[in-house]
Amino acid sequence: MSVFRGNSTAGPRIRLGRVGRRRVQTIVMTLSVLMAVASAVVAGALMVSASAPFDAAFAQQHGAQLTAQIDESATGADRIAATGHLPQVTASSGPYQTAQIDPPGPGGLDMQQSQTVVGRSAPTGGVDDIVLRSGRWATAPGEIVLSTDANSVGPDTTLGGTLKISPAADSPTLTIVGLASSITDSADGWVVPAEITALRAPGTPATAQMLYRFSTATTTAELNADRDAVAAALPAGAIVGAQSYLDVKLAADENTALFVPVMTAFGVLGLLMSVIIIASVVSGAVGAQIRRIGILKAIGLTPGQVVRAYLAQALVPSAVGAVVGVVLGNLLAMPLMGDAGQMYGGGSPGVPWWIDLAVPGAALGVVALAALVPALRAGRLRTIEALAVGRAPRSGRGQWAQRLAARLPLPRAVTLGLASPFARPVRSAALLAAVLFGTTAATFAIGLTSSASAVTTAREPGQSIPVSVFLASPGDPGSPASKSGGGAADPAKTLAVIQSQPGTADAIGQSQGVVTVAGGTGAIRVRLYQGHSSVEAFALISGRWFNGPGEVVVPTHFLDTTGHKVGDSITLVDQGVQVPARIVGEDFDPGNAGLVINTDMATLAAAQPTLHPDFYDVTLKPGTSVAGYVNGLRAALQSTSAHVDATQAGHLNPTVVAFDAMAVLLTLMLVSVAGLGVLNSVVLDTRERVHDLGVCKAIGMTPGQTVTQVLTSVAGAGLVGGAVGVPVGLALHDFVIPLVMRAAGSGTPAQVQNVYGVVELVLLAVGGVSIAVCGALLPAGWAAKARTATALRTE
Amino acid sequence: MGNVIELEGVVKQYDSAGAPALGPLSLTVAEGEAVAITGPSGSGKSTLLNLVAGLDKPGEGRVSVGGLRIDGLGEKALARFRRERIGMVFQFFNLLDDLTVVDNILLPAQLAGSARGRAMERAAELMEVLGIAKHGRAYPGRLSGGERQRVAVARALINRPALLLADEPTGALDTASGNEVRQLLVDLHRSGQTVVLVTHDLALAESCAERTVQLVDGNIAVDRRNAEVVR
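From first to last, the protein sequence lines are chains D and E. Here this note's numbering is used: the first residue of the first sequence is 1, the next is one more, and so on. Here this note's numbering is used: the first residue of the second sequence is 796, the next is one more, and so on.
Isolated chain E, as found in the complex (with noise of 0.2 Å):
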């Protein structure tokens, strides 16, 4: 299996004067791999998704994605490279308040075009295996932490992304919903989605992917698999 996520002597330095918030970095993801991205509070972890999801540029190095190097891309190719290679998943949602849950699961296909009909399906489906089938004309405002978090999933899965990010998604839940949301990234995972996880929950880390990677201050200060993570 290829790698789905490329970085090589990435380095991101928001302040001149100061010490690179991020790198220099060196990470692959292969395909069909979970993991987990932890580090304490300002270490380069936020940092580090945004540029896997092209939300931000690195200072210096290299960021592929899919096969596909983003760190060039301008931000039309990017908004593109978006909506059909990735799809992300929030601490707090991000879900618009005013649309239906299935407008929100819709609102990626809809934006790269495809076939309203089509991409019913899709969100149908999608709706179906993640429980909130029953929702689907509900506002976001009206469901639980969780049932929330999982209309962020179907809608970063509805175009069929090769990479899930999901930054802090449970931080934003009471224990029960933190849980509903790690079985799904499990279930996720073991279906051979790729998923890049962001989380200060070590447990969380420990039960949805296979390999953890620890930074501190910007770099990588630990890398290993889960197995290996769990004494």
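Bound conformation, chain D alone (with noise of 0.2 Å):
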């Protein structure tokens, strides 16, 4: 800014220079945008993945809002059919008859799985258009097509293969004639209509799925207002389950509705910093170049001029880092982005372009705002009184501070530096500000981090569990059971058989199953456990565990949706058989869309006398050699089916590893842009006190002195900053993880809220005066080093 370049038709520029000089702020400016940019590109392009492709396909397809399996029998298909009708529905589809088929697993085995099949002749019909992946549409009696989300069904779900309805010997059989999938995974099959009845299962109900788009339907609150209005025009009882294409979009977004919040708070903490920060930079390089203002303004420098320069000076390396933070956000996105792209069949969906224009464009507008008051505040400068300006601080200011401080029975440096901050209330605000916000954010960084990683342990319970004993082989052509001619191994004598091995300290026995609620949303997974199943408990939000047969313990979102609490008493119903059941805790597990009813096996015993488990979770003593362990059990279960697996406990979801590392990185760039944003205050600070320090070193202020004097001026801003600094970031995160766990539809358990330590705490205090002192560490250097001569010619 110190020459002027430029003719009479283009007027007087301002050279850039100063851009370069400040290297401290200018890097400190560009790392702060970096972040920002970086965080809110993934949390946008996470935003996107999770919810466009879902969002398109849904709309391309026509999905249904609601997929509802009303009982024929009661209601007659023209009854059904009217609700088609009704004001609050926009389109329609249906009513489609149901059957319920059990195929067998691996080996023969019971999966124990019911799966619906729907008869419709042709995949398109209004509502819930099946997209058809590959082969063709079931034209014949003994066809069908398979969902390509029903992985479960069957050994053999390959084109042209075959599926059993039923694990009986004289089961008949489909030909798979075309593998298609639903975006609102209305059915594991389809089938002509005709061939529903044989299908069903002697004695059981007959069930017509209808499928509803309505008028207003794009809350939980609003589907139930629609489903309640069908229900209404059909006899009481009539709707025997019910699914909102918002639970499935829910599951779809499983992984990406905890990180989006997590790193949209990241991008927000950035941006946040990055306006403390360009603030603070460039009113700081005002006040310290009043004089040159007014020189400049005095030669004819117009206040336009003197407002753009300012401008520039934080837009030119803010608009470095936002390009970088485009590219890192881009690199960042690719790994969690890839998950989201492979649910419908793509590859990685890239983040989209205008998300690369729109973040980087945003922050560089708050950047521009920032920059703009003090900038408006050089340019308002009027010349006379800025020539006539020095950076010394008008009488009046901190000399209270000064007088007091040095009756303290201190070292003089270190007085001088306790009250120097008073002397310019304006720069130590700032500096307050820099460690205040820099240890709130490192606090509230840190604990998002840890909370994120325990939600991705309590998502998973069974991750300490070494060991897996199938009773079925899981297709092994070359297992027992295939050579035997199928069937599973028989659980009682697997059980004893693993209790009697040396090394088991216990073993959990589990099955899966699909029950239906009285009154609820239609058919609901429930995991049934044999044992004691606290091992693998989920996280409890409310409530405690079952303790034994009629207990449940059910996620938030089955609460949300059945409108249920803990302590409520519930109907299951399972094989047309009704089963009482009481809620007695409410679990963290977002998985299936947030509704799976955990239970002991023995509960739906009345339905299913013959329910077994399809595996036991082994826990070993301590000091077991897992390896050894397996073969020993290998080998006294080798003429049985079972099969025996070394679990990879430990084991995370590589999207997860990815999101963690992600937020680790996120935080330590947080923290070390807080750093520097301390350091570029105190630089700020320093550089306006050089003068006093050079009259100090004048006098005999030793460098030893000198740096003592800096720190010690900073000293009382990072203990304020980190007082203050800690409870308000854990003030935050506690009010924060709450809301990013309800966006994922669950409540919060208390290992994701209380992550913090007392060790942890007190660091993070005392990270305050670090923060401070470490900053302070280089500009005190400076002012040591600096010559006395130099400084006392400044003005």
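Hints should not be assumed to be uniformly reliable.
Label pairs and their computed distance ranges (CB to CB) [claimed, not checked]:
| hint | chain 1 | residue 1 | chain 2 | residue 2 | range |
| --- | --- | --- | --- | --- | --- |
| 1 | E | Ala933 | D | Pro425 | 18 to 24 Å |
| 2 | E | Gly837 | D | Pro425 | 37 to 43 Å |
| 3 | E | Gly837 | D | Ala723 | 51 to 57 Å |
| 4 | E | Gly804 | D | Arg403 | 47 to 53 Å |
With a Cα cut of at most 27 Å, we get these calculated DSS-like pairs of lysine-lysine [as the list claims (entries may be wrong)]:
| hint | chain 1 | residue 1 | chain 2 | residue 2 |
| --- | --- | --- | --- | --- |
| 5 | D | Lys785 | E | Lys929 |
| 6 | D | Lys249 | D | Lys565 |
| 7 | E | Lys852 | D | Lys785 |
| 8 | D | Lys249 | D | Lys164 |
| 9 | E | Lys871 | E | Lys852 |
A few chain E residues that don't get close to chain D, going by computed Cβ distances all over 10 Å [as the list claims (entries may be wrong)]:
| hint | residue |
| --- | --- |
| 10 | Gly797 |
| 11 | Thr823 |
| 12 | Gly854 |
| 13 | Arg857 |
| 14 | Glu870 |
| 15 | Met922 |
| 16 | Arg985 |
| 17 | Glu1005 |
Note that these hints are calculated values from the structure, not bench results. Since the structure is predicted, the reported quantities are computational estimates derived from the model, not experimental observations. Don't be surprised by glycine CBs; every beta carbon is placed ideally from N, CA and C.
Using the hints, build the complex out of the two chains.
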């Protein structure tokens, strides 16, 4: 800005050399914007990758907002069809007759997972157009089109393969002629309508599927109201199940629903940090250059040119940070977005181009606004005042503090430093804000990362189980089950062998099934345990884990959807048998759209007396070698169909690992930027005080005393910033985490909320001083080394 | 009496391509002597003063003050040297605006680790002698230029330095205040204080110093007793 160039037409122009000369401020501005933009790009990309593919496919396939299972025998097809003409219904399809089949698993094992097959003559029908992925649509009895989402159906789901409809030896088979998908996962398979009657088990009620779209159905409450309207048009209890497209969407967004708010929080923190730092840098630059501004204006610079010069001083490094931030954000988003891309059959969708433009554009807009206020101040400075004003503080500022400090029984360099912040209250406030915000951000970010890590642990509670024993080999042609012609190992005998095996601590049997809840939402997965299941208990949000038959533990979303609460009694319907149960706990289990019931296997004994575990999770006594145990148990079970596996205990979802790594990286960046923000404030403060420091050195202040004075001048701000910043960060964490969890459709378990340890908190509080002192060390060194003669000439 | 200042073959060059700002120059100042350094702008007056004060280092030559060779000292030793052996008075006072008059005066003593009580006695004595005792609790911004320069002199003398260096001490003062300071320097010299005064003001040089050294282009052009300088 010291050199004019230009001509009579262009007018004078200010050189931007100042940007390069203020290296610390330039680096701080660049990094803070970089961090903010990178986080925001990741958050935006995740948001889009989570929603856009589903929304696009849902619109293209005319997805059903409500899929209702209706008792046809009590209602009649005409009356069911008439619900398609209700005022709030904008489109409907059906009724399609349905049947439940129970295809056997590997080795002929009864999987006890009934599948819904729908009779549809064509894949299209106005609502829920089925997309044929391969093969063709079923045109004759004996043919089935399988859902690509129904990956647990049968041992052979390849095109041209066959599917038995039950484990019975004389079970009819269906030929798989096509593979298709429904955006709302409305069925596990489709056959011609004429096939349905043959597929229904004797004595089971006739049900039909009706698919609806409504005029308003963007929230669960609106969809519940729509469902109630349909139910009111039918006999009481006719709707035996209903599935909301919001639940399907929630399941699709399972990972990203948790990631997006966290990444958004990082983006917002980064942007706030940028605003504070950039406003501080530009106002500091203006404050330090008042005389320069006065001189430039005296020789003809216009106010507009002054404003533009200071805006450019902030925007040039910010633009560099924004560009690098976009590149970094794209790189960081890739591993997370791959998940969403694969879900809809494509590769990684990539970060949309408009996010790459909108995020840096918005960030630079915020930066420009932050810089505008001090830049306008510079532009408005009256030339005569600017020329008259030096850097020395006006008389009156901080004198009381110096008077008090001088009386303290401390070395003079210390008391000078302690009192000096009061001489420049605005600069000191900026420093305090930088430390406070830095400590808050560090506390919040560390808590956020810890909570995110706790979420990944809480959602997979069986991580510590080292060994699993499956009662049937999973399709291994060389397995004993295959050789012997099929059949699963005897559960009781297998359990006895496991329990007698040296090193066994416990064995917990597990199975899965599907039930409906009377008056509820349709088919709901039920996770059934046998034994001391608390080892595998999900994190509890309220209540307790079940203690025995008749007690169930359900996720938050189940309670939200059904309107129940912990302590309520519900009725499970399994195989047409009503089973009473009581909700004793709310757990954190966002899988399966948060609609899974956990209970003791004996709860469903009335409906399924022969129910038995599909596998046992085995815990070992301390000191037992997993490999040795597995080999021993394999030998003991060699003559049976049981299959022993060492689980990948501690193995984490790669997407979650990528997210955790990114959160740690962003936390480190945030803390680094906070430290640089403090460094920036101290640099500005030291620069403004360089003349006073020169005077002190001229009258005998040693370099050590100079360093002491500079460090103690920031120590107070560090202490206060740390003491206030930590509780503020804690409060912010306690406020945001439940919101994040709620956005993901769940309550907050204690281990996700309470993530701070005492040592961690003390370190964070001390971190305020550490950030301040570390930030001040460099300028303190500069001040100590500065040539006294030069400093004395500084105005 | 011995020499307080001894400069021998001193050269200071800021621009390696250009001519030296000072020297080669040799100069001695005896104990109790009052010497005025004069010369036009750019002649090397301030450079000479900075070298004697240990604020800058020569490229060549030796600088000794009070028998201590200072051109090879580190920053810490130089700081000790400044607070123990010299006092400095500047054209623009260089007082700290947020400290009271007495706290400004006390500062060099406190930085040197002197006991506050003893330093206070010395400060009170200096304020009394210099006529600023009633301003002890005032702030520099409220004093006249002459009063502020008296405070600066008091601060320079608090540690009883062997040498008082004054850089254009009346340059920022009106005539009346300038005369006050001039008289103060004369009184100090009469009391035995060694004084080196840098000034453009030949009248000040003649009235305060017994010897005038005139620099031109970094070299001594004239070095004579004032009786000889005054025609």
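(request) Determine whether the Cβ-Cβ distance between E:Gly837 and D:Pro425 falls within the hinted range of 37 to 43 Å. (result) holds (41 Å)
(message) Check the hint pairing D:Lys249 with D:Lys164 against an upper bound of 27 Å on the C-alpha distance.
(response) Roughly 31 Å between the alpha carbons, so the hint for D:Lys249 and D:Lys164 is violated.
(request) Evaluate the given range 51 to 57 Å for the C-beta pair formed by E:Gly837 and D:Ala723. (result) The hinted range 51 to 57 Å holds for E:Gly837 and D:Ala723, with Cβ atoms some 54 Å apart.
(message) Can you confirm whether the C-alpha distance between E:Lys852 and D:Lys785 stays at or below 27 Å?
(response) Within the cut-off at roughly 14 Å; holds.
(request) May I ask you to test the hint 18 to 24 Å on the CB atoms belonging to E:Ala933 and D:Pro425? (result) holds (22 Å)
(request) Return holds or violated for the Cβ distance of E:Gly804 and D:Arg403 against the range 47 to 53 Å. (result) holds (48 Å)
(message) Tell me if the straight-line CA distance from D:Lys249 to D:Lys565 falls inside 27 Å.
(response) This hinted pair holds, its Cα atoms lying about 24 Å apart.
(message) If we take the beta carbon of E:Glu1005, is the closest beta carbon in chain D still more than 10 Å away?
(response) Check passes; 26 Å lies beyond 10 Å.
(request) Taking the shortest Cβ-to-Cβ distance between E:Glu870 and chain D, state whether it exceeds 10 Å. (result) Non-interface label fails for E:Glu870: nearest chain D Cβ at 5 Å, not farther than 10 Å.
(request) Grab the minimum beta-carbon distance between E:Met922 and chain D and tell me whether it stays above 10 Å. (result) Since the minimum Cβ distance to chain D is about 16 Å, E:Met922 lies beyond 10 Å and the statement holds.
(message) What's the verdict on E:Lys871 and E:Lys852, does the C-alpha distance respect the 27 Å limit or exceed it?
(response) holds (14 Å)
(request) May I ask you to check that E:Arg857 keeps its beta-carbon over 10 Å from the closest beta-carbon of chain D? (result) holds (19 Å)
Of the numbered hints stated above, those contradicted by the structure are hints 5, 8, 14, listed in ascending order.
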